[in-house]
Amino acid sequence: MEDKDNFALYYVLMPCAVLAVLIHPSTSHNILNRISWAFCVYLEAVSVLPQLRVMHNTKIVEPFTAHYVFALGGARFL
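Counting in the UniProt record's numbering, the sequence shown runs from 1 upward without gaps.
Everything hinted at is true.
Taking CB as the label site, the calculated pair distances span:
#, residue 1, residue 2, range
1, N30, T58, 38 to 48 Å
2, V21, T65, 28 to 38 Å
3, N33, I60, 36 to 46 Å
4, R76, M14, 18 to 28 Å
Derived by calculation from the structure, the hints in this document are not laboratory data. The beta-carbon is built from N, C-alpha and C at its ideal position, and this holds for glycine as well.
Produce the complete structure using the sequences and hints provided.
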């Protein structure tokens, strides 16, 4: 299974970090806290991408697992 897990994390981390620096909430908190919070929110929204990549590479996925991951990704995207 290790050979199927070839998803580079910087494809997820770097866009989330850049987006967090550019788009973060304007509250009375410290700027570092606001950027960190935004980074966590953006990262949570795309956290299912590595699992989808593994499922795509294995080609054999149980229907229950596929439905669960799809529902999890849809809920986090919304």
